[in-house]
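Colleague: Here is what each chain is made of, one letter per residue.
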Amino acid sequence: MMNSLRLYWRLVGVAFRCQMQYRASFVLFTIGHFLSSGMEIVSIWALFARFKSLGGWQLPEVAFFYGLINLSFALAEGIGRGFDTFSNLVKSGDFDRLLLRPRGLALQVSAPEVQFLRTGRLLQGLLVLAWAAGKLHVARSIPRVGLTLFAIVGGACLFYGLFVLQATMAFWSTETLELMNTVTYGGTETGQYPISIYKPWFRRFFTFVVPIACVTYFPALGVLGRSDAVAGSPSWFHWIAPAIGVAFLAASFRAWCFGVRHYCSTGS
Amino acid sequence: MTPYQAMFSARFRSLLQYRAAAIAGFCTQIFWGLIRMMIFSAFYAGVQEPMPMDLRQVIAYVWLGQAFFTMIPLRPDRDVEGLIRSGNVAYEMLRPVDQYNLWYSRAIATCLAPMSLRAVPILLISLVAGWLYWPGWLPLAGCAVSMLAAALLSAAFCTLLTITMFWTISGRGIMVIASILAYTLSGIMIPLPFFPDSMQWLLNALPFRGLIDVPFRICTGSIAAGQVPMEIASQLAWTAVLVLAGRMLLARSVRRVVVQGG
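Protein chains in written order, with the working numbering: chain A, 15 to 282; chain B, 428 to 689.
Okay, chain B solo, but in the shape it has when bound:
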């Protein structure tokens, strides 16, 4: 096992410990999903014009969102933030491993572990209740690949946020900004096609849609099968860009970091 795999599995297992929190979180997710489903149903009840998605697709989108909302990178890694603030990050740097890969593996685990706890029961319930429908093998496969790409993208975001801690020390400000951007532009609040048509080019040009909107729309069939490879390629390209940016930023911060103490 490489150190990165070890870091991934340790982080993953430690996050699985919070089961009581997961149960409470599960109930909260269901409740919110119900509210949002009712709001959308009410909007659709009186509509004549054609909409960018039909109600069935929107409901599936809402429940996928409830299942996979941890995909959104809200905050820098708390533990690493603490390390940087206390100066203990110096020990991290002494280790004979690649710093970026180590933090990146942590970020992937942080993204996937809560998901595996929360997503499975919510998906099951929504399938039984008929809120989700069987998308067919091809969209499902596309969605699975795209979801994986989303996890890689999300982890790249997270790691980048973590690295900015070298400059800002307190994660609060960056957390607020990141969460505003990620929440609004990823599609978790409302599916992106509902934003005005004049804004769509901007949403398409930004990386945030790769976190939520792309995999969900592949799954609900709102993105045509022919476009799926391009969409996934764009997710991966953004991941590469963010990883490179993160690596460069890390290299610069390592050069200028001053750790206090004896």
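Next up, chain A with everything else stripped away, as it sits in the complex:
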């Protein structure tokens, strides 16, 4: 176990040094990523300037949602990119080589592909979250900060789990993967707003099937000290909801292991 962890860090270090070889490109790409993901918050700001409020929510609160989900997604995207692009390994048959090595598969898939280029979205989410924290009329306390961090970690686990599921699907088909974008990128878009504004079927989908609400809406209710107006969930639940994101990741890895056992190579 310790051995694997050390290996993981070494591989990540290699990836880091490798991506830093093109420093100017790295800086430019980070700025570009920062700006392009930042345009989203500009349009949210413009809408709030026109409409003033959204179903009883104000801009700072929506900015808080926005910060949470973008941080989670940026973390998952950076760490889990190996699973995101896993179908290429299957298509080219390179996965066979990983199977031959006496090391964990998840480690081999994820570590070399860790991306530092996603820092742009991360920074942007962090900035928006900080701005929201300054604007919100909520007393800052250690439990609330803790719950915010818990939500970000839970969200990162959830998105990571989605990438792992996408990789699992690649064992059977490499054609339908774009559909997963609806729950990864689409999930990010959805989670930028309180889930209470959506239609009931849509809310249920993002609560029970892909539990985005558990890593944004419920913990945010806990942090903001609001009660759940649409589903009436108890307030103790708001404080433990992000754990469901972690459980989702665990379940996704189980599915992945199942997929690995049924893997048939593409051939020579």
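Honestly, the hints are just simulated from the structure, not real lab data.
Since we're looking at a predicted model, the values are computed, not measured.
Just so you know, even glycine gets a beta-carbon here, dropped at the ideal spot from N, CA and C.
Keep in mind that the hints are not guaranteed to be accurate.
[Unchecked claim] Far from chain A, some chain B residues (derived; all Cβ distances over 12 angstroms):
id	residue
1	Gln456
2	Ile466
3	Gly509
4	Gly514
5	Met542
6	Ser543
7	Val547
8	Ala568
9	Phe593
10	Ile659
11	Val670
12	Leu677
[As the list claims (entries may be wrong)] The calculated lysine to any residue pairs, modelled on SDA-like cross-linking and capped at a C-alpha distance of 25 angstroms, are:
id	chain 1	residue 1	chain 2	residue 2
13	A	Lys213	B	Asp506
14	A	Lys213	B	Tyr560
15	A	Lys66	B	Met478
16	A	Lys66	B	Tyr610
17	A	Lys66	B	Gln627
18	A	Lys213	A	Phe62
19	A	Lys66	B	Ile462
20	A	Lys66	B	Arg483
21	A	Lys66	B	Met465
22	A	Lys66	B	Ala469
23	A	Lys66	B	Arg463
24	A	Lys213	B	Gln627
25	A	Lys213	B	Trp459
26	A	Lys66	B	Ser649
27	A	Lys105	B	Asp506
[Stated by the list, open to error] So the derived list for chain B, only partly shown, Cβ under 8 angstroms to chain A, looks like this:
id	residue
28	Cys454
29	Met465
30	Ala469
31	Val474
32	Pro477
33	Val603
34	Ser606
35	Ile607
36	Thr611
37	Met616
38	Phe622
39	Pro623
40	Ser625
Once you have looked at the hints, place chain B on chain A.
Modeller: Relative to the frame of chain A, chain B by itself:
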């Protein structure tokens, strides 16, 4: 068939091959359209002040956006980018055809082919679901002409981006900048009238609104019929400016380009 028509039809047909991608893309578009429609409906639910567009128009705008989002020139032509990087562009230059027209025909096909695959089913579904409404013959005709002008404009953008490859070699940086500008200022993220009134003059002065905002607002009736000819003229004028700029840039780059190899 002129070489330009041939280039157009070859590119068009090769892009039609990606049908599996189109189906997956179709589902993704529908999903995103639903999200955005729900967000706008929620915004409108609690509003008292008059808005620049009514909800029906915004929903139609959102679905038109889902159908025609490939109108936005995101990137330089990938194949030509490869040619320039590898130096094979020298062969292109030897051909007895006009370089700009050749790339421009490719760009029009790149813009129209995915559209014909994706737009038709999405338009049909939104019509059946009642998200789009019948705009009347006159706005529809205006919209069709304006959409065509938008395609010409978009292709002019694309070709210009492609030509800048002679200077930058890697298309990544320019792609990021172009996509930020085009996404925000064309209206695909939110309809342009929703930006603050103090910014409207700037949006009107830029060419990006001709890609999305103008044809969609003609179709939804948010631009009055009397203004339609002026708007289309402005789209075409911007196209002319970008084509001229592209031609000048190409002429300069051809003079200074150095191709390596034996």
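Colleague: Could you run down the list of hints and mark each one as holding or not?
Modeller: Here is how each hint holds up against the structure:
no. : hint                  : verdict
1   : Gln456                : violated, 10 angstroms
2   : Ile466                : violated, 6 angstroms
3   : Gly509                : holds, 18 angstroms
4   : Gly514                : holds, 21 angstroms
5   : Met542                : holds, 18 angstroms
6   : Ser543                : holds, 19 angstroms
7   : Val547                : holds, 19 angstroms
8   : Ala568                : holds, 31 angstroms
9   : Phe593                : holds, 19 angstroms
10  : Ile659                : holds, 26 angstroms
11  : Val670                : holds, 27 angstroms
12  : Leu677                : holds, 25 angstroms
13  : A:Lys213 <-> B:Asp506 : violated, 43 angstroms
14  : A:Lys213 <-> B:Tyr560 : holds, 22 angstroms
15  : A:Lys66 <-> B:Met478  : holds, 12 angstroms
16  : A:Lys66 <-> B:Tyr610  : holds, 24 angstroms
17  : A:Lys66 <-> B:Gln627  : holds, 19 angstroms
18  : A:Lys213 <-> A:Phe62  : holds, 20 angstroms
19  : A:Lys66 <-> B:Ile462  : holds, 20 angstroms
20  : A:Lys66 <-> B:Arg483  : holds, 20 angstroms
21  : A:Lys66 <-> B:Met465  : holds, 17 angstroms
22  : A:Lys66 <-> B:Ala469  : holds, 12 angstroms
23  : A:Lys66 <-> B:Arg463  : holds, 18 angstroms
24  : A:Lys213 <-> B:Gln627 : violated, 33 angstroms
25  : A:Lys213 <-> B:Trp459 : holds, 14 angstroms
26  : A:Lys66 <-> B:Ser649  : holds, 22 angstroms
27  : A:Lys105 <-> B:Asp506 : holds, 23 angstroms
28  : Cys454                : holds, 6 angstroms
29  : Met465                : holds, 5 angstroms
30  : Ala469                : holds, 4 angstroms
31  : Val474                : holds, 5 angstroms
32  : Pro477                : violated, 11 angstroms
33  : Val603                : holds, 3 angstroms
34  : Ser606                : holds, 6 angstroms
35  : Ile607                : holds, 5 angstroms
36  : Thr611                : holds, 5 angstroms
37  : Met616                : holds, 5 angstroms
38  : Phe622                : holds, 5 angstroms
39  : Pro623                : holds, 6 angstroms
40  : Ser625                : violated, 10 angstroms
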